[in-house]
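Q: Work out the full structure: start from the sequences and follow the hints.
Protein chains in written order, with this note's numbering: chain A, 1 to 220; chain B, 221 to 617.
Since the hints were made in silico from the structure, they are not lab data.
Only a predicted model underlies this, so the values are computations on that prediction, with no experimental measurement involved.
Heads up, a few of these hints could be off.
[Unchecked claim] DEER-style ranges, computed between Cβ atoms: (1) Tyr600(B) <-> Lys175(A): 33 to 39 Å; (2) Glu116(A) <-> Leu493(B): 48 to 54 Å; (3) Ala237(B) <-> Glu124(A): 47 to 53 Å; (4) Ser206(A) <-> Tyr600(B): 31 to 37 Å; (5) Leu243(B) <-> His136(A): 27 to 33 Å; (6) Ala70(A) <-> Ala237(B): 38 to 44 Å; (7) Gln141(A) <-> His268(B): 57 to 63 Å.
[What the hints assert, rightly or not] Simulated pairs of lysine-lysine, DSSO-like, Cα-Cα distance not exceeding 27 Å: (8) Lys119(A) <-> Lys224(B); (9) Lys138(A) <-> Lys238(B); (10) Lys224(B) <-> Lys138(A); (11) Lys224(B) <-> Lys120(A).
By construction, the Cβ of each residue, glycine as well, lies at the ideal position given by its N, Cα and C atoms.
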Amino acid sequence: MIELNNIHKSYFLAGQEEPVLKGINFKMNDGDMIALMGPSGSGKSTLMNIIGLLDHPTSGIYKLNNTEIASFESDQLAELRNRYIGFVFQSFFLLPRLTALQNVMLPLLYRNMTREEMKKLAMEKLIKVGMKDLTHHKPSQLSGGQQQRVAIARALVGDPKVILADEPTGALDAKTSQEVMDLLIGLNQAEGTTIVVVTHDEDVASQCKKVTRIRDGRLI
Amino acid sequence: MFIKTHLRESLQNLLSAKLRSFLAILGVLVGTASVVALVSGGQLATEHALAQFRELGTDLLAVTLQDMSRDGSKDVDKETESENVTKVANHLKNVELSAPYAIDFSAINYDGHQLRGNIVGATETLQKILKLKLTQGRFISDLDQKESYCVLGDSIYKKLVSMGMFDVLGEHIRIGDRFFTVIGVLQKTNENMFFLVDVNNSIVIPAFAALALNNYVTLNNVVFKIKADQDVNPIKDSITSAFADSFPTKKIFFRSPQEIINGMKKQNETFTLLLGFIGSIALIVGGIGVMNIMLVSVVERRREIGVRMAVGAKRRDIQLMFLTEAVVLTLFGGLMGVMTGEVVAWMVALISQWKFHLYILPLIVGFFVSALVGIFFGFYPARKASLLDPIETLRSE
Numbered sequence: 001m002i003e004l005n006n007i008h009k010s011y012f013l014a015g016q017e018e019p020v021l022k023g024i025n026f027k028m029n030d031g032d033m034i035a036l037m038g039p040s041g042s043g044k045s046t047l048m049n050i051i052g053l054l055d056h057p058t059s060g061i062y063k064l065n066n067t068e069i070a071s072f073e074s075d076q077l078a079e080l081r082n083r084y085i086g087f088v089f090q091s092f093f094l095l096p097r098l099t100a101l102q103n104v105m106l107p108l109l110y111r112n113m114t115r116e117e118m119k120k121l122a123m124e125k126l127i128k129v130g131m132k133d134l135t136h137h138k139p140s141q142l143s144g145g146q147q148q149r150v151a152i153a154r155a156l157v158g159d160p161k162v163i164l165a166d167e168p169t170g171a172l173d174a175k176t177s178q179e180v181m182d183l184l185i186g187l188n189q190a191e192g193t194t195i196v197v198v199t200h201d202e203d204v205a206s207q208c209k210k211v212t213r214i215r216d217g218r219l220i
Numbered sequence: 221m222f223i224k225t226h227l228r229e230s231l232q233n234l235l236s237a238k239l240r241s242f243l244a245i246l247g248v249l250v251g252t253a254s255v256v257a258l259v260s261g262g263q264l265a266t267e268h269a270l271a272q273f274r275e276l277g278t279d280l281l282a283v284t285l286q287d288m289s290r291d292g293s294k295d296v297d298k299e300t301e302s303e304n305v306t307k308v309a310n311h312l313k314n315v316e317l318s319a320p321y322a323i324d325f326s327a328i329n330y331d332g333h334q335l336r337g338n339i340v341g342a343t344e345t346l347q348k349i350l351k352l353k354l355t356q357g358r359f360i361s362d363l364d365q366k367e368s369y370c371v372l373g374d375s376i377y378k379k380l381v382s383m384g385m386f387d388v389l390g391e392h393i394r395i396g397d398r399f400f401t402v403i404g405v406l407q408k409t410n411e412n413m414f415f416l417v418d419v420n421n422s423i424v425i426p427a428f429a430a431l432a433l434n435n436y437v438t439l440n441n442v443v444f445k446i447k448a449d450q451d452v453n454p455i456k457d458s459i460t461s462a463f464a465d466s467f468p469t470k471k472i473f474f475r476s477p478q479e480i481i482n483g484m485k486k487q488n489e490t491f492t493l494l495l496g497f498i499g500s501i502a503l504i505v506g507g508i509g510v511m512n513i514m515l516v517s518v519v520e521r522r523r524e525i526g527v528r529m530a531v532g533a534k535r536r537d538i539q540l541m542f543l544t545e546a547v548v549l550t551l552f553g554g555l556m557g558v559m560t561g562e563v564v565a566w567m568v569a570l571i572s573q574w575k576f577h578l579y580i581l582p583l584i585v586g587f588f589v590s591a592l593v594g595i596f597f598g599f600y601p602a603r604k605a606s607l608l609d610p611i612e613t614l615r616s617e
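A: And the structure:
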């Protein structure tokens with residue numbers, strides 16, 4: 001469970017304070033599937049970075065499982081990201097040199113695991129996203145939809161509490177988009193994985209259980 | 221994250237950009253190769269020179285007495301003085317043999333032809349000390365006293381043969397204003413730098429005959445053969461004091477292989493240090509090359525760094541990843557450089573006809589220094605990578 005209380009975030013450009021988030025209150029329960037919508041510049045990426053523990057809020061309270069984590073060091077945040085959060089990006093961000101399997105194993109490299117365990121877990125998730133037969137292909141040999149499936153498997157491999165998907169269908173055509181959405185919805189329903197989807201697409205948003213809109217640094 | 225995983229990852233990363241990795245290590249390779257080749261080559265050269273000295277015998281000590289007061293010494297009877305030299309030389313401790321000798325450059329004539337050559341007035345011990353061998357006849361004996369006998373060096377003998385003197389033993393050669401009978405011919409010997417003249421181009425006559433030959437000649441040189449495993453310095457001291465008592469006006473000059481070898485060793489150390497230093501410059505340039513490539517690599521792999529951080533890599537994981545790559549690169553470059561360097565040293569030895577040894581020290585030093593270069597020059601790019609902001613690197617195009 002993630003809870004955000006009165007989160008503010010400002011950037012300082014040439015000594016000038018530029019507020020981006022202006023008091024966000026947001027609660028996410030286990031098993032939620034939330035669409036986060038908003039025009040560009042509304043602060044939704046910043047909010048995602050804060051939820052994803054990549055960025056510190058300027059002020060406000062962030063509670064992960066009822067633990068206040070504002071004071072955590074970057075190493076501790078890295079560990080929390082590794083355990084609790086899975087990222088899915090618009091342009092997949094798979095490492096081009098690595099095979100699908102190796103890409104999925106990536107988060108596990110930062111845990112103390114044997115290579116066999118890593119492979120086993122990664123294989124499981126690849127099967128789950130329907131990529132069983134393409135595990136030894138490199139990203140360049142896969143289609144966009146297939147790459148995003150691998151990316152979702154990578155997000156899932158560490159059994160995170162939350163999956164943060166930043167425009168997961170933004171780079172895909174309508175048909176593949178729907179396949180990816182079906183996959184995410186299926187995960188949410190079958191496994192109870194909490195999912196936050198940032199999107200511009202009303203069609204995508206309508207498939208989520210809840211839609212939250214952000215404008216000018218505030219939720220509406 | 222295990223170090224094994226780091227190694228595996230870095231190998232995979234490096235192999236995925238083979239040409240670049242090769243270019244990156246080229247500098248380190250050349251640097252290490254030059255350190256190893258220069259240091260090994262320098263050592264081989266010294267070893268070769270030392271071997272030449274050892275061949276002559278490290279147990280020699282050459283002494284020359286030089287008169288510092290030219291006017292006064294003529295009062296002293298030459299023969300008494302020469303006998304004194306012999307006497308003093310014979311009573312030294314730790315000396316196995318001593319051979320006093322005189323050098324003269326009187327004119328040599330045979331059958332109306334003039335010959336160029338040195339006259340050596342010697343005693344019979346000279347043969348043993350210089351390991352002279354005869355092809356015909358016998359060497360000078362102490363029993364010969366002032367007799368007009370002579371033994372021919374190899375070059376002189378060949379010259380005489382070319383002048384038509386076939387049966388040399390018993391023939392007469394004029395030296396100065398006296399005739400000498402040939403009693404022996406020496407085999408060709410290597411030139412010995414502890415003997416003042418080239419024996420091959422000399423005619424050896426009895427010491428006292430030489431003194432009688434020319435007024436200026438004295439028995440002012442001695443070659444000593446010191447006892448095995450004796451340090452040359454105490455012997456030098458006792459020679460100095462012994463001669464200082466008997467000949468206060470003479471200055472003593474020493475030459476010994478031990479001294480020269482020690483000098484050469486010292487020189488070699490300096491030389492090796494210098495060569496190593498020159499090679500190190502190449503190695504540092506190579507290290508800068510690695511740093512360059514690593515910096516480019518960090519910029520190109522910003523996205524990867526961001527992704528890794530997002531999925532849970534700590535800053536030190538990123539740092540370690542790039543550092544491992546740099547070290548693997550330079551170690552590999554170092555390994556190839558060490559091998560190249562040894563091959564170069566081997567070829568130089570082959571061309572110069574030196575004996576080749578595989579020196580372990582330059583290998584180890586070359587290898588470890590290249591690893592250190594990797595750590596040193598890999599540190600900055602790795603640090604830079606680890607300090608990247610994941611949000612910055614993950615921003616969509």
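Q: Each of the hints needs a verdict: does it hold here or not?
A: Results of checking the hints against the structure:
| no. | hint | result |
| --- | --- | --- |
| 1 | Tyr600(B) <-> Lys175(A): 33 to 39 Å | violated, 48 Å |
| 2 | Glu116(A) <-> Leu493(B): 48 to 54 Å | holds, 52 Å |
| 3 | Ala237(B) <-> Glu124(A): 47 to 53 Å | violated, 32 Å |
| 4 | Ser206(A) <-> Tyr600(B): 31 to 37 Å | violated, 51 Å |
| 5 | Leu243(B) <-> His136(A): 27 to 33 Å | holds, 29 Å |
| 6 | Ala70(A) <-> Ala237(B): 38 to 44 Å | holds, 41 Å |
| 7 | Gln141(A) <-> His268(B): 57 to 63 Å | holds, 60 Å |
| 8 | Lys119(A) <-> Lys224(B) | holds, 16 Å |
| 9 | Lys138(A) <-> Lys238(B) | holds, 18 Å |
| 10 | Lys224(B) <-> Lys138(A) | holds, 23 Å |
| 11 | Lys224(B) <-> Lys120(A) | holds, 19 Å |
When the structure is compared with the earlier hints, violations turn up for hints 1, 3, 4 and for no others.
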